[in-house]
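Chemist: Protein sequence lines correspond, in order, to chains A and B.
The first sequence begins at 1 in my numbering and counts up by one.
The second sequence begins at 143 in my numbering and counts up by one.
Treat the hints with care, as some may be off.
Unchecked claim - Pairwise CB distance ranges (calculated):
id	chain 1	residue 1	chain 2	residue 2	range
1	B	R154	A	L82	22 to 30 Å
2	A	P13	B	S204	29 to 37 Å
3	B	R154	A	I23	40 to 48 Å
4	B	E199	A	T92	49 to 57 Å
5	A	M135	B	R154	28 to 36 Å
6	A	P13	B	E199	29 to 37 Å
7	A	C132	B	A152	31 to 39 Å
8	A	A62	B	A152	25 to 33 Å
9	B	A152	A	L59	48 to 56 Å
10	B	P185	A	V85	16 to 24 Å
11	A	P13	B	A153	28 to 36 Å
Think of the hints as simulated: they come from the structure by calculation, not from any bench.
Here a beta-carbon is modelled for each residue, glycine too, at the ideal position from N, C-alpha and C.
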Amino acid sequence: MTTHVANTRYRDPATKRYNRRMIGAMLSYIVLLFGVQRAFDLDAMHGPARWVLAALPGLPVAAVFWLIGDMILDMRDEYLRLLEVRKALIATGVSMTLVSILGFLEMLGGAPHLPLFYVPVLWFGSLGIGQCANMLIEQQRS
Amino acid sequence: MINHLRALRAARGWSQQHLAELLEVSRQSVNAIETGRYDPSLPLAFKLAELFDLAIEDVFVSPSKEQ
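Just chain A, with the same shape it has in the complex:
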């Protein structure tokens, strides 16, 4: 989920800020994920209290999407910003295509159910495809 900057000297302040915040979000995710499971017996709980506790680890994941958007808006280098936007759009297209097909496979093809938690995981993985696409597109144009 890190951004690619070919210029070794140039570090966009937005990218540096993103990397710093990202570490905080990931640490929060680990603490909440394991903390909630260790501190509470969720199986024995019912109702809104359980829902709130169960949703807590999702908040840092949501924060990551916000951080990516914030970084894109704040980037000074407009060309690198274009690459980041294209990468995110490709990741969105790839992950939405995969979950759409998987949804129909589940509904009509008897495929096993994939927990929704894996959708953002798939999106983060698809960023790698977006990065590769960026490299190929830029190579073709040069």
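Take the given structure of chain A and dock chain B to it, following the hints.
Modeler: Only chain B this time, still in chain A's reference frame:
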């Protein structure tokens, strides 16, 4: 968009890295503009032209005038 950036930069003996530092962008951006892979925004195009002490049309070729 066709431009004369490479020739202008070479005439001043500037590297892409040096120009990137003057523009406060990445070297990757300078390379993308030079090779026509990326058309800069108006503010960046003005900044480029001002760095070379030229008008924008002396740096970038209008698409309507491209051969």
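Chemist: Each of the hints needs a verdict: does it hold here or not?
Modeler: Status of each hint after checking the structure:
A C-beta distance of roughly 27 Å is found between B:R154 and A:L82, which places it inside the suggested range of 22 to 30 Å. Distance hint check for A:P13 and B:S204: the Cβ-Cβ separation is about 34 Å, which falls inside the suggested range of 29 to 37 Å. The hinted range of 40 to 48 Å is satisfied by B:R154 and A:I23, whose Cβ atoms lie roughly 41 Å apart. B:E199 and A:T92 have their C-beta atoms about 38 Å apart, which leaves the hinted 49 to 57 Å range violated.
Between A:M135 and B:R154 the Cβ separation comes to about 30 Å, which falls inside the hinted range of 28 to 36 Å. In this structure the hint that A:P13 and B:E199 lie 29 to 37 Å apart at CB holds, the actual value being about 32 Å. A hinted range of 31 to 39 Å holds for the C-beta pair A:C132 and B:A152, which are about 33 Å apart. A C-beta distance of roughly 49 Å is found between A:A62 and B:A152, which places it outside the suggested range of 25 to 33 Å.
For the pair B:A152 and A:L59, the supplied restraint of 48 to 56 Å holds, since their beta-carbon distance comes to about 53 Å. Judged by the Cβ atoms, the range 16 to 24 Å given for B:P185 and A:V85 holds: they are separated by roughly 18 Å. Our hint of 28 to 36 Å for A:P13 and B:A153 holds, since their Cβ atoms are close to 32 Å apart.
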